[in-house]
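**Student:** From first to last, the protein sequence lines stand for chains A and B. Taking the working numbering, I'd label the letters of the first sequence as residues 19 to 289. Taking the working numbering, I'd label the letters of the second sequence as residues 10 to 158.
Rather than coming from a laboratory, the hints here were simulated on the basis of the structure. Incorrect hints may appear among the rest.
Stated by the list, open to error - Derived coverage of chain B by chain A (criterion: at least 3 residues anywhere in the stretch with Cβ under 8 Å from a Cβ of chain A; other residues may be distant):
1. 118-126
2. 146-154
What the hints assert, rightly or not - In silico DMTMM-like cross-links for lysine to aspartate or glutamate, where the CA-CA straight-line distance does not exceed 20 Å:
3. A/Lys101 to A/Glu284
4. A/Lys54 to A/Asp43
5. A/Lys81 to A/Glu284
6. A/Lys129 to A/Glu156
7. B/Lys28 to A/Glu123
8. B/Lys28 to A/Glu156
Where is the CB? At the ideal position from N, CA and C, for every residue including glycine.
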Amino acid sequence: MADPWLIPLAKEAYEHRAEIVSGWDRIVTLLLGKKKTIVFTGMGGVGKTVLFDHLSGTAFDAKYAPPQEMSQAIEIGKMPARKKRIKISVVPGQESRPRLQAINELFYGDKPINGVVHVVANGFVELRHPEARQVLIEQGLDTLQKFREHQLREEVEDFDATCNAIRQSAQKHRMPNWMIVAVNKCDLYASDIETARTYYATSTTSPFRTRLSSLQQQLGTDNFRWTIAPVCSWLDDFTWNGNTTKPQLNVSQRNQFLSRLSATLEQYCAD
Amino acid sequence: MPTEDPHVSSSRSSDELEKLLSLAEGLQERCDGVDRRIDMYRMMQMLFIAGAVTAVILLIGSAQDVRVVSPTIARSEIYLYFVATCFVYAIGAEYWIRRIKRRNYPDRFALTRLLELIREVESGVARSQNWSALDRAQFQIRLSRLTVG
Chain A
19 MADPWLIPLA KEAYEHRAEI VSGWDRIVTL LLGKKKTIVF TGMGGVGKTV LFDHLSGTAF
79 DAKYAPPQEM SQAIEIGKMP ARKKRIKISV VPGQESRPRL QAINELFYGD KPINGVVHVV
139 ANGFVELRHP EARQVLIEQG LDTLQKFREH QLREEVEDFD ATCNAIRQSA QKHRMPNWMI
199 VAVNKCDLYA SDIETARTYY ATSTTSPFRT RLSSLQQQLG TDNFRWTIAP VCSWLDDFTW
259 NGNTTKPQLN VSQRNQFLSR LSATLEQYCA D
Chain B
10 MPTEDPHVSS SRSSDELEKL LSLAEGLQER CDGVDRRIDM YRMMQMLFIA GAVTAVILLI
70 GSAQDVRVVS PTIARSEIYL YFVATCFVYA IGAEYWIRRI KRRNYPDRFA LTRLLELIRE
130 VESGVARSQN WSALDRAQFQ IRLSRLTVG
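Given only the sequences and the hints, what does the whole structure look like? Please build it.
**Tutor:** Quick look at the structure:
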C-alpha cells in the first residue's frame, strides 16, 4: 500500500516545481559558477570552427585536423573557465537552412544570449573548392589584394546581418550586451596588424567600424560594449592565384593570442 | 590567341550559376522526398515494435489462459505469431531504410559539393556581374532554403 504521505508530498513538489528548479539552479551556480551563453558568428571560411575548437581545447589533441568541409549545422561546446560555465554556439557561416535555424533559435529564441564573438579574417577567407577559386579569378579577382578587398566588402554585409540579429535580440531580452570582434588569421598579416586594428576598430571611414558604431548607438553605449581581439588558430599558408602568404607567427605566439582572447572572453563573461 | 569579352564571360558565369542553383534545387527535392520516405518507414517500424511489445505484455498476461480460440490454436500462440511477424516487419523496414539511404548517397554528396561551390562563388559573380540588390537577395533566399543533413 502506498505511503499516505507520498501523495501530498508529490502534490506539493509539483505545485512548487518552479521554486525547486530555481533552487537547483542556485546550487549548481554556487558550485560550478554562472552559466553564460556565447554565440560565434561570421562568414563562412573565416575560421570560426577552428577557433572554437582551439578555445574549447579540442584542437590541442595530437590527432586534430581542421575540418575540410563547411559546417552544416550549429556547433555547440563548452569553454573551460574558472568558476564559470561558458556555453559556445557556432552559427554556420554559409547561407543555408541550418544557419537560419541557428540565428532564429539563438537570437530570436526564448533564452537570451550573453555575448557575441564575431569572427572576421581581414579578407583572408578560405575557399575550399579549387573550382570556386578559379571562377573568382576569372571574374577579375586575380590578385590577393583584389580578393581581400572583395572579401572585406562581403564581411561588412555579413556583419550587417549579425548587427540586425543582435539588435532584435536586445529588443526582446536586453541582451547580448557585449561583442568581441575576433580578427582571425592574424598570423598571415602579423607585420601589418596595426592596419587591421585601424580598419576594424578606430578608422572613422571604415565601413565595418561605421556599422559597429551605429549598432552601439542603436543599443546605447551604456548597454552595449565591444572590443577587438586579434587572434589566430591553425597556422597555415594562404594561397591565392599562385601567390602564397606564409604564417609570420610560431605556435607559442599563436598560443599567446589565443590565451589573450580566452582571458578577454572570461572577463566579459564575469561582468 | 582570341580573348573572350569579359562581359560575355561574366554573363555566362551568371547563367551557369543559375543552372547550378536549379540543379541543386532539383537534387534537394529528391533528397527531401527520400527523407520523407525514410520518415514513413521509421514510423512504420516504430508501430511494428510497439505492436510487438504490446503483444508480449498480453502474452505474459495470458500465460495462464488456456482458453482455445479454435480447436487447434491457443490464444498465446496467436500472440506469439503476431510478435514474430512484427519483428520481421521491423527488421524489413530497417533493411529498406538502409537501402534507400545507400542509394541516395550520391545525390547527397553531389548536393553538398554543389552548395559549397555556389556559396563560395556567388558573391564574386554577383559583384562582377553587377547584380541588383534585389537579384542578389532573391538568389540568397533560394540558396538559404537548401541544405543537406
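**Student:** Next step is simple, just say for each hint if it's right about the structure.
**Tutor:** Hints and how they fare:
| no. | hint | in the structure |
| --- | --- | --- |
| 1 | 118-126 | holds (count 5) |
| 2 | 146-154 | holds (count 4) |
| 3 | A/Lys101 to A/Glu284 | holds (10 Å) |
| 4 | A/Lys54 to A/Asp43 | holds (13 Å) |
| 5 | A/Lys81 to A/Glu284 | violated (27 Å) |
| 6 | A/Lys129 to A/Glu156 | violated (45 Å) |
| 7 | B/Lys28 to A/Glu123 | violated (32 Å) |
| 8 | B/Lys28 to A/Glu156 | holds (18 Å) |
Going through the hint list in order, the structure does not satisfy hints 5, 6, 7.
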